[in-house]
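J.: Residue numbers (the numbering used here), protein chains in the order written: chain G, 1 to 195; chain D, 196 to 575.
Derived from the structure by calculation, the hints contain no laboratory data.
One or more hints might be untrue.
[Said to hold, decoys possible] Covered stretches of chain G, going by a simulated chain D footprint (3 or more residues, C-beta under 8 Å): (1) 14–24; (2) 131–142; (3) 147–161.
[Claimed, not checked] Each computed SDA-like pair below joins lysine to any residue, with the alpha-carbon atoms no more than 20 Å apart: (4) D:K453 / G:V30; (5) G:K72 / D:A282; (6) D:K366 / G:E29; (7) G:K92 / G:K72; (8) G:K72 / D:K457; (9) D:K453 / G:G38; (10) G:K72 / D:D402; (11) D:K453 / G:V161; (12) G:K102 / G:W122; (13) D:K366 / G:G31; (14) G:K72 / D:N405; (15) G:K7 / D:D445; (16) D:K453 / G:S22; (17) D:K457 / G:K189; (18) G:K72 / D:P410; (19) G:K7 / D:E449; (20) D:K366 / G:L66; (21) D:K515 / G:G24; (22) D:K453 / G:E26; (23) G:K102 / D:M218; (24) D:K453 / G:M23; (25) D:K366 / G:K92.
If you're wondering where the values come from, they're calculated on a predicted model, not measured in any experiment.
Don't be surprised by glycine CBs; every beta carbon is placed ideally from N, CA and C.
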Amino acid sequence: MNEMSYKVLPGPEGFLPPAAASMGIELPEVGEALVEGGVVSAQQGLEKIVEKLISAKNPVFFPGPLILWNWKDGVAEKAAALKELAEAVGAKIIPMPDYRPKYPMINPAIEVNPNHPNLTIWHNKIDVCVFIGVHCHYANVALKIIRGGTSCYTIAFCGEVGHEDAMISLRGAGLSELKKLTELVKKRKGEVKGD
Amino acid sequence: MIEQKVVNPEFLFFTAEKKKLFMTGSEAVREAIRKANVDVAISYPITPQSESMHLVGDLFAEGYVKEYFRGENEFAVMSSVAGAAMAGVRVFTATGGPGTLRAFEVFPTWAGARLPIVCAFMTRGVNSPLTIQPDTIEMAYLLETGILMLHAETAQDLHDMILKAFIVAEKTDVHVPVGVFADGFFVTHTKEALEIPEPDIKLPSYDPNNSPVPPMDMESVPVRQMRDPFVMKSNFISYAAHASWQQEVDAARERSRKYLEKYLGGLLETENEDADVLLVTSGTAVCQSREAMAAARAQGLSVGLVKLKCIRPFPAQEIKALAAKAKAIIVPEFNRVGWLAKEIKSVIDEPGKVIGAPRVYGGMTMPPELILDEIRRVSR
Numbered sequence: 001m002n003e004m005s006y007k008v009l010p011g012p013e014g015f016l017p018p019a020a021a022s023m024g025i026e027l028p029e030v031g032e033a034l035v036e037g038g039v040v041s042a043q044q045g046l047e048k049i050v051e052k053l054i055s056a057k058n059p060v061f062f063p064g065p066l067i068l069w070n071w072k073d074g075v076a077e078k079a080a081a082l083k084e085l086a087e088a089v090g091a092k093i094i095p096m097p098d099y100r101p102k103y104p105m106i107n108p109a110i111e112v113n114p115n116h117p118n119l120t121i122w123h124n125k126i127d128v129c130v131f132i133g134v135h136c137h138y139a140n141v142a143l144k145i146i147r148g149g150t151s152c153y154t155i156a157f158c159g160e161v162g163h164e165d166a167m168i169s170l171r172g173a174g175l176s177e178l179k180k181l182t183e184l185v186k187k188r189k190g191e192v193k194g195d
Numbered sequence: 196m197i198e199q200k201v202v203n204p205e206f207l208f209f210t211a212e213k214k215k216l217f218m219t220g221s222e223a224v225r226e227a228i229r230k231a232n233v234d235v236a237i238s239y240p241i242t243p244q245s246e247s248m249h250l251v252g253d254l255f256a257e258g259y260v261k262e263y264f265r266g267e268n269e270f271a272v273m274s275s276v277a278g279a280a281m282a283g284v285r286v287f288t289a290t291g292g293p294g295t296l297r298a299f300e301v302f303p304t305w306a307g308a309r310l311p312i313v314c315a316f317m318t319r320g321v322n323s324p325l326t327i328q329p330d331t332i333e334m335a336y337l338l339e340t341g342i343l344m345l346h347a348e349t350a351q352d353l354h355d356m357i358l359k360a361f362i363v364a365e366k367t368d369v370h371v372p373v374g375v376f377a378d379g380f381f382v383t384h385t386k387e388a389l390e391i392p393e394p395d396i397k398l399p400s401y402d403p404n405n406s407p408v409p410p411m412d413m414e415s416v417p418v419r420q421m422r423d424p425f426v427m428k429s430n431f432i433s434y435a436a437h438a439s440w441q442q443e444v445d446a447a448r449e450r451s452r453k454y455l456e457k458y459l460g461g462l463l464e465t466e467n468e469d470a471d472v473l474l475v476t477s478g479t480a481v482c483q484s485r486e487a488m489a490a491a492r493a494q495g496l497s498v499g500l501v502k503l504k505c506i507r508p509f510p511a512q513e514i515k516a517l518a519a520k521a522k523a524i525i526v527p528e529f530n531r532v533g534w535l536a537k538e539i540k541s542v543i544d545e546p547g548k549v550i551g552a553p554r555v556y557g558g559m560t561m562p563p564e565l566i567l568d569e570i571r572r573v574s575r
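This is chain G alone, in the form it adopts within the complex:
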């Protein structure tokens, strides 16, 4: 495939999909987000996330160690905001508590692991997942595996600089973005009900 035409879309993409960064996809700058490999404004990124979450059959949040453990000021507030968002969406939360390879295997009903995230997605029939609080390296490793072997739509809510391998990625995202998402979800759900 031509590098310039590469899009980050739900799979299954194949046996070994490439890293999006190696196909010419670049991370967003401040105030921007990535949607399927293309740069949009951060606001458009938020709206696209809301659209995907509320239209999903089984959306699931995958919180990682950076938000599961109260390791620095502000994390507990973010975790509470995430819980509120998940409740507003009507989404489950399946944690990625650490990155250890576990044998003989993880219990995919209750946790997700970056080395074989596809097991959790297949087991729970997840059609949209959101990574949040996962260290960037492990998020990227997992996002490629998901794109390779599943049809799950991936969203990465990143406190650093974002993820090319997710279908939607925010950068520098924190408490205010979580709250904004919750408001947008509630508003959109109200509109849908009103219709």
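Fit chain D to the known structure of chain G by using the hints.
T.: Then chain D, alone, in the frame of chain G:
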């Protein structure tokens, strides 16, 4: 020790007032590390690198480096700096030639563990009978280890690249090691005038909280991975995790391009880039090429120069674009195998256009006349 003020990297690189000093490449390493806010430096001597880490040891004695010791060999040094980097501190070391090869297994593990280590490689021949002479062959071996590779032409480059390497290496989306290469003796042991900032400023310290991997503990990878690894499992899940992991290291190198553009002013530099014949090279071969270009142009020949500052990531698109306009590309090198010519041929799909010559090795210098001969030959 002079009291130092922390300044932002852009100020230190581009705005700070600079003083002209006459020094060797080894002393330039010392001056870079003086301002790099390094936590741990670990050394092991090998010619032509020994003096640089000796001088870093002097910095420890003066208080500019927080911890410094000598390892028992290069493998131990590279493993020890890996441990320090996993623990979340800024580390520096240097080696060269046989030292590089003795430690070789560790370099891909640095990259795989996403460790932002900066290592200076003072290149030297690797062969039997033993040589201590300059040669860039070790760079051929390091091309696919996952580390970023910068190649200094001068002691000024070496000083600047080491400082900038820390900042690029520590970006969350990059976070892989950087090797700063300088041709042994030609750069390390000769003196030149450098313009360097005053020693009363230094880089901000490394913040491991922005790392793309958690700091080391016995319950998280890479350490946990090493004692209960998926490397030991023969199943598709294990293979997929490894493959994705390796792709992510390559992706990290790709992401470094924008930072290298910003801090180095591009992955390459050109002089007379519209010429019919381009000399494309790196390291001190750039100096000889510049001399040859000047002589050729004085004779009315159309010759330009492309100085590659970065070998990994490789400036493939930039070289392709430049080569499209040129009739011939000459690649002078200080090694037997011609690894740079091979790299350039891999991106230029025109048989016969890239000339992998002249090459010198085993410690030989490269008279500009050798390059001039090639220019005359292709200009006929």
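J.: Give a verdict on every hint.
T.: Structure-based check of all given hints:
no. : hint            : in the structure
1   : 14–24           : holds (count 6)
2   : 131–142         : holds (count 7)
3   : 147–161         : holds (count 4)
4   : D:K453 / G:V30  : holds (14 Å)
5   : G:K72 / D:A282  : holds (18 Å)
6   : D:K366 / G:E29  : holds (14 Å)
7   : G:K92 / G:K72   : violated (25 Å)
8   : G:K72 / D:K457  : violated (32 Å)
9   : D:K453 / G:G38  : holds (17 Å)
10  : G:K72 / D:D402  : holds (14 Å)
11  : D:K453 / G:V161 : holds (13 Å)
12  : G:K102 / G:W122 : holds (18 Å)
13  : D:K366 / G:G31  : holds (18 Å)
14  : G:K72 / D:N405  : holds (13 Å)
15  : G:K7 / D:D445   : holds (19 Å)
16  : D:K453 / G:S22  : holds (14 Å)
17  : D:K457 / G:K189 : violated (44 Å)
18  : G:K72 / D:P410  : holds (15 Å)
19  : G:K7 / D:E449   : holds (17 Å)
20  : D:K366 / G:L66  : holds (18 Å)
21  : D:K515 / G:G24  : holds (16 Å)
22  : D:K453 / G:E26  : holds (10 Å)
23  : G:K102 / D:M218 : violated (54 Å)
24  : D:K453 / G:M23  : holds (15 Å)
25  : D:K366 / G:K92  : violated (33 Å)
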